[in-house]
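Peer 1: Sequence:
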Amino acid sequence: MASVPAIPTDSWYLSLLGIAESFRTASPPKIKHCIHCLQSIFHFKPPPRIEARTHVQLGSLLFTHTKNVELARTHLEKAWALSQSIPSFEDVKFEAASQLARIHEKQSQLHLAKQILRKAIGISQQSSYWHCLLLFQLAQIHTHEKDFISACELLGVGADYAVVAGSEYTRALFLLSKGMLMLIDKKYAEVHPVLSTCGSIIDNYTGSDTNKESLKVYFLVLQVCHYLMAGQVKSVKTALKNLQQSIQTITMLHSDEEPISSNPADLFHWLPKEHMCVLVYLVTVMHSMQAGYMDKAQKFTDKALLQIEKLKILDSHPILSAFQLMLLEHIVMCRLVMGQKSLAIQEISQACQVCSQNPRLLTTHGAQLHTLLGLYSMSMNCMESAEAQFSAALAITTQTELWQFASLNLAIVYLRSGNRQQELLSLLERINPEVLPTNSHSLRAAAYYVKGLQAFFQARYNEAKRYLRETLKMSNEEDLNRLTACSLVLLGHIFLSLGSTRESMNMVLPAMQLAGKIPDVHVQLWASALLRDLYHLEGDPVREREGYQMHTSFSQQLLKDHFQSSQQSEHNLIQWTEGPCPIHLLQGDGASSSIL
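9 is the number of the first residue of the sequence shown in this note's numbering; add one for each residue after it.
Treat the hints with care, since some could be wrong.
[Stated by the list, open to error] Within a straight-line C-alpha distance of at most 25 Å, the following computed BS3-like cross-link-like pairs (lysine-lysine) qualify:
| id | residue 1 | residue 2 |
| --- | --- | --- |
| 1 | Lys281 | Lys245 |
| 2 | Lys75 | Lys40 |
| 3 | Lys154 | Lys194 |
| 4 | Lys525 | Lys307 |
| 5 | Lys320 | Lys38 |
| 6 | Lys242 | Lys304 |
| 7 | Lys122 | Lys154 |
| 8 | Lys245 | Lys481 |
| 9 | Lys525 | Lys568 |
| 10 | Lys245 | Lys525 |
| 11 | Lys307 | Lys318 |
| 12 | Lys154 | Lys195 |
| 13 | Lys86 | Lys75 |
| 14 | Lys114 | Lys40 |
| 15 | Lys53 | Lys86 |
| 16 | Lys53 | Lys40 |
| 17 | Lys114 | Lys320 |
| 18 | Lys320 | Lys40 |
| 19 | Lys249 | Lys311 |
| 20 | Lys86 | Lys127 |
| 21 | Lys307 | Lys242 |
| 22 | Lys122 | Lys75 |
| 23 | Lys245 | Lys307 |
| 24 | Lys220 | Lys249 |
| 25 | Lys245 | Lys220 |
| 26 | Lys249 | Lys307 |
| 27 | Lys320 | Lys281 |
| 28 | Lys114 | Lys86 |
| 29 | Lys220 | Lys281 |
| 30 | Lys114 | Lys154 |
[Said to hold, decoys possible] Label-pair restraints from in silico Cβ distances:
| id | residue 1 | residue 2 | range |
| --- | --- | --- | --- |
| 31 | Lys195 | Ser399 | 26 to 32 Å |
| 32 | His44 | Ile157 | 43 to 49 Å |
| 33 | Glu265 | Gly524 | 48 to 54 Å |
| 34 | Asp155 | His325 | 20 to 26 Å |
| 35 | Ser243 | Pro267 | 38 to 44 Å |
| 36 | Asp548 | Lys525 | 22 to 28 Å |
| 37 | Thr246 | Lys568 | 37 to 43 Å |
| 38 | Gln115 | Gln521 | 54 to 60 Å |
| 39 | Ser243 | Glu554 | 34 to 40 Å |
| 40 | Gln572 | His44 | 51 to 57 Å |
FYI, nobody ran anything at the bench for these hints, they're computed from the structure. Fair warning: this is a prediction, and the values are worked out from it, not measured in the lab. Idealized CB from N, CA, C, for every residue including glycine.
All chains, full assembly: derive it from the sequences and hints.
Peer 2: Written as structure tokens, this is what we have:
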């Protein structure tokens, strides 16, 4: 009797693999069936290569699509152990190491993540793609730990290795990433030679058009951010225009029609095109907000948030949540300037909800949320809440510029309160514009404004004028329109107090015009009150009446919005000063607990 012939190993394996893949790619995906199918492979006692590969596939599926992280970890540990003794099995070996490191990172076991990545990096020099990927991954973990020195060292190693691997493209990616970390770490002197080298590499790059434009976008984003971090709103305009042109170019390119590089070290992407578009919208919003173009900031924020919502349907990548949060932070400040407090507090609430879904974002953006709540509280005239929010921000922030920004606003709260002289003097010593430890042009200009405001409250008018003229000089240098408008209207108030009506008018009229362009409703309210009084002193009843009507209109607009804001449940967020985002404060009747 003839025996039944044995089924070749690759036959049953390929069949099960094909069925598993059909489950994975079904619409919707049938991940549970896919996992069961892959698990059945072990019943056939497969050879080590198939066993190791199946463990990697199962570990990756479980980690990506389920909450069973421990089982995913077990499969990946088996794959990593098995692959050590199998020759020419780099893909499985290093995929297992990379995914295991991600699991350790998710479980906050960073020492284990770094340990396995270092071991994998040590044995991956002959596999250029994996060696570069693992270096990027380890550098990212050091970045999350704020160990920028170690991260930059690894990126430098990666750049040198990319030269040996013959990939100028990936060399530029390593160097641009290093430049980005230097900017974050405020190593401004060291970042210039790195970015200069990157510029030369990009100019001389002869690879695909998509890769070249992608590098150019990365390079220009860093340039724009460098200017904005320094508060140089005017100086940044050329780089921002080049960035906007470059993103238009890259969106028109068809990368699928370009030849794929045969060098494995080239197979990296900085960001998908769609994410790059959102990022360019974001830096445009940052510029518009700093420059005082609130309508433009609002327009680009709306576009960016709509794009993020569309992208999240397809792939909820964590970077999209970070972009969303930063957009909300900037548009909130624009809303407050425009006198739209009710919209601002709703958007602060949205930012809190984004953070509640991603605890890491709350760690990195908690101080910003408290600062926004402080600004909102100031606009609502809730000075105790404003002080509590700024104090909460100061207690947890590690960012020098944010600390200075919150301190400047807290100083204004103390000035408006009128009875916090000791705290004010102590704070002003630390934000003295003459010795302020900052590279930010706009923050130093704002510090001069706060000094001018303090002198005005103390009726030291000549001293106030000196500080405000310094603010005006710095603001005009970099087109800081809102700071210019605030300084002009305050100078107008000072001249009126001194009885110099002509000089006052020369300040207030341009302040009113500039505030209308921004638009800054609070400066318009202030300026219209001054114009009313000035026209009264000049004996011009027609214009006095116009000033009165303008002032009444702005006042009613702000009062209506103030009342609407106080009735919203989101207004309760001003009570939150510590701990996780208080989503429970957004429920129930806002009117019963609103703080007026």
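Peer 1: Now, for every hint given, state plainly whether the structure supports it.
Peer 2: Now for the hints, and whether the structure bears them out:
no.: 1; hint: Lys281 - Lys245; result: holds, 23 Å
no.: 2; hint: Lys75 - Lys40; result: holds, 12 Å
no.: 3; hint: Lys154 - Lys194; result: holds, 12 Å
no.: 4; hint: Lys525 - Lys307; result: holds, 15 Å
no.: 5; hint: Lys320 - Lys38; result: holds, 20 Å
no.: 6; hint: Lys242 - Lys304; result: holds, 16 Å
no.: 7; hint: Lys122 - Lys154; result: holds, 14 Å
no.: 8; hint: Lys245 - Lys481; result: holds, 19 Å
no.: 9; hint: Lys525 - Lys568; result: holds, 22 Å
no.: 10; hint: Lys245 - Lys525; result: holds, 19 Å
no.: 11; hint: Lys307 - Lys318; result: holds, 17 Å
no.: 12; hint: Lys154 - Lys195; result: holds, 14 Å
no.: 13; hint: Lys86 - Lys75; result: holds, 19 Å
no.: 14; hint: Lys114 - Lys40; result: holds, 22 Å
no.: 15; hint: Lys53 - Lys86; result: holds, 15 Å
no.: 16; hint: Lys53 - Lys40; result: holds, 22 Å
no.: 17; hint: Lys114 - Lys320; result: holds, 21 Å
no.: 18; hint: Lys320 - Lys40; result: holds, 23 Å
no.: 19; hint: Lys249 - Lys311; result: holds, 18 Å
no.: 20; hint: Lys86 - Lys127; result: holds, 16 Å
no.: 21; hint: Lys307 - Lys242; result: holds, 20 Å
no.: 22; hint: Lys122 - Lys75; result: holds, 23 Å
no.: 23; hint: Lys245 - Lys307; result: holds, 18 Å
no.: 24; hint: Lys220 - Lys249; result: holds, 18 Å
no.: 25; hint: Lys245 - Lys220; result: holds, 22 Å
no.: 26; hint: Lys249 - Lys307; result: holds, 17 Å
no.: 27; hint: Lys320 - Lys281; result: holds, 15 Å
no.: 28; hint: Lys114 - Lys86; result: holds, 19 Å
no.: 29; hint: Lys220 - Lys281; result: holds, 13 Å
no.: 30; hint: Lys114 - Lys154; result: holds, 17 Å
no.: 31; hint: Lys195 - Ser399: 26 to 32 Å; result: holds, 30 Å
no.: 32; hint: His44 - Ile157: 43 to 49 Å; result: holds, 47 Å
no.: 33; hint: Glu265 - Gly524: 48 to 54 Å; result: holds, 49 Å
no.: 34; hint: Asp155 - His325: 20 to 26 Å; result: holds, 24 Å
no.: 35; hint: Ser243 - Pro267: 38 to 44 Å; result: holds, 39 Å
no.: 36; hint: Asp548 - Lys525: 22 to 28 Å; result: holds, 25 Å
no.: 37; hint: Thr246 - Lys568: 37 to 43 Å; result: holds, 42 Å
no.: 38; hint: Gln115 - Gln521: 54 to 60 Å; result: holds, 58 Å
no.: 39; hint: Ser243 - Glu554: 34 to 40 Å; result: holds, 39 Å
no.: 40; hint: Gln572 - His44: 51 to 57 Å; result: holds, 55 Å
Every hint from the earlier list agrees with this structure, and none is contradicted.
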